[in-house]
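Line order of the protein sequences matches chains A and B.
Numbering that gives the first Met the number 0 applies: residue 0 is where the first sequence begins, and numbers increase by one.
Numbering that gives the first Met the number 0 applies: residue 0 is where the second sequence begins, and numbers increase by one.
You can take every hint at face value.
Copies of the same chain are indistinguishable here, so a pair counts whether it falls within one copy or spans any two.
Think about it this way: if two alpha-carbon atoms lie no more than 25 Å apart in a straight line, the pair counts; the simulated BS3-like pairs of lysine-lysine are:
{"id": "1", "residue 1": "Lys312", "residue 2": "Lys80"}
{"id": "2", "residue 1": "Lys80", "residue 2": "Lys270"}
{"id": "3", "residue 1": "Lys180", "residue 2": "Lys30"}
{"id": "4", "residue 1": "Lys80", "residue 2": "Lys205"}
{"id": "5", "residue 1": "Lys205", "residue 2": "Lys69"}
These aren't lab readings, by the way, just hints derived from the structure by calculation.
On a predicted model such as this, the values are computed, not experimentally measured, just so you know.
Number of protein chains: 2
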Amino acid sequence: MSFKPKERRAAKARVAMAKAKLDALLVTDIKNIRYLTGFTGSSAYLVLTPSRVYFLTDSRYAAQSGAEVKGADIEVRICAKAVEEIHGILTGPRVGDRIGFEPDNLTYEAYLRFKKGFGNKRFIPSGGIIKTARAVKDAIELTAIKDSVGALDAGFEAARGLIAPGRKESDVAFEIEVGFKKAGADGPAFDTIIASGPRSALPHGKAGQRKMRKGELVVVDMGVLLNGYNSDETRTYCLGRPTRRQRNIYDTVAAAQEAAIKAIRPGATAKDVDAAARAYITDAGYGEYFGHGTGHGVGLDVHERPVLSPHSKDILTQGMVVTVEPGIYIPGWGGVRIEDMVLVTADGFEALTNAAKGLEDLR
Amino acid sequence: MSFKPKERRAAKARVAMAKAKLDALLVTDIKNIRYLTGFTGSSAYLVLTPSRVYFLTDSRYAAQSGAEVKGADIEVRICAKAVEEIHGILTGPRVGDRIGFEPDNLTYEAYLRFKKGFGNKRFIPSGGIIKTARAVKDAIELTAIKDSVGALDAGFEAARGLIAPGRKESDVAFEIEVGFKKAGADGPAFDTIIASGPRSALPHGKAGQRKMRKGELVVVDMGVLLNGYNSDETRTYCLGRPTRRQRNIYDTVAAAQEAAIKAIRPGATAKDVDAAARAYITDAGYGEYFGHGTGHGVGLDVHERPVLSPHSKDILTQGMVVTVEPGIYIPGWGGVRIEDMVLVTADGFEALTNAAKGLEDLR
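Bound-form chain A, shown alone:
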């Protein structure tokens, strides 16, 4: 039996629904809806049942959903009052009593509005059903992610020519982001981080008014959003000849990243991949300066499942796309982070990002 991609995605979700003993799932996360239907608009609801997909949007999106949302088991409904329409679908006799919803997406206000129309049926918080399915990418998604990475790698190539003493962080970020748009991207995946000098010690130091100076470290952490899929990559450069300490910290992060990447294969625990990077940095004496997780999934969201951190319970599976991004951040002095995106393959890993790597790599 051959499935089309969207049908395969719904089928994956239905397996998880069945495990949770749900008769239907109300999907409100717009990226989960895009995943299941291909709809790229910004307002819709979806109801997944064992046999049907009900897609609901309003008249603004009638033409768009007609063009984008297609499938044998998908029923598109254009309606002004989606909540009432959903009550109608789900309170019918053909749908069982256990109705799941996405508790990390539905506001409390919306929860009350839905709940009061379900009569005696149960309205059950059922987190992660679609997001878990999304962690493993199919071929169409991998192509989209690789396109996004291509535009991002080109942005790093541009960055290497733009970063120089005397230039303002935000000016460089602006030029790079214009390049993303010219390459056909929707834009940056998140606020571009260009953090120079002492600001490089801030893991989220988005580009600001600071002028870069000779001898400083510059952390560049960027992403591209292209056709709905994100990419995420970090390089750290030195504006001139690195000091011994800069070199030592950079090499430590690079080796920690390599150790983590080599631990990636189907069946590995996300915790162990994190531990590989963390152990290396800790052994080198910098453990207290690596305060975040080693990585995260990337796809329709910049941050999605799995999570690569000490407390993660995720297990890596073929088709997952994760970042590996250890860092060392010394307050007041500066920091280094190196981040690549990696695909979990049948027998190991494949690096997806390809920007030139090296502390002295500025053109």
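Add chain B to chain A, keeping to what the hints say.
Frame of chain A, contents of chain B only:
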């Protein structure tokens, strides 16, 4: 007694809290937090009590919150576990039993996480307390909005030079958006709408791959985000000499807009302002082609209170900033929308947006 602006904002919110008999309000909407404290970061919580403002964020934002969040009654706490910290603040004996939260912002999942730590205290959905305060702008906000409008008006000036037969909608939008960034804006306030020909009949026709053609209507609906404040304005142009029907529909929308703007003064109901535009369009025979509300508040959000629509219960007050944006959309043929931002003054209104207006106004 003289208040500083942020303290005056908290005082307004406390009046509403007292009316709702709340002993404390948990504020999770990041724009509401910015409003009360000036914090421009993307992750924080706030607890408002009758005498204190507790501001909580994590170590990433320690430096930024130290610089931005100041005030006699504000206590900044940098903590890794904000939910536990909030439980500690609110379950103490000095805080009463009625704790409000923002049900339109808190997810159901977060609701459960907070609720279970409040013991016997009540956790009460209390929508709109800060958002209602935000509807009336103070002098600092008005200055920020006028700066945003200035950059936006300049964008329309640019648009008039860029829109021409043969040009692609998305290319024009891109050039205008680069101009916004060069003017120091964070970017567009929303996806720029440039909808030409039959696409002008789509109220949300964001710029696409379509090439504009001679004789067509082009709806341009844009906004700027600058220093946290939004602007929002629409013009409709004709690429050449308008037909009689294009002219007639344009003049109808323009007159409807004028009627609505003239109805704006303190004490007027939002419903009546909407009705002024709607009656004009209905009398001209186009009522069925005006499917959205006449306007909305603009500030930290592009769409905020008050709402100008047939079912609105809002009453206009001095200091409110609203859009007035009637439109006529004829499927398959095209549409016209004209939108300006208007300040409610002590005795009437003041137009804030100033882009040249006129169907044949392309340079």
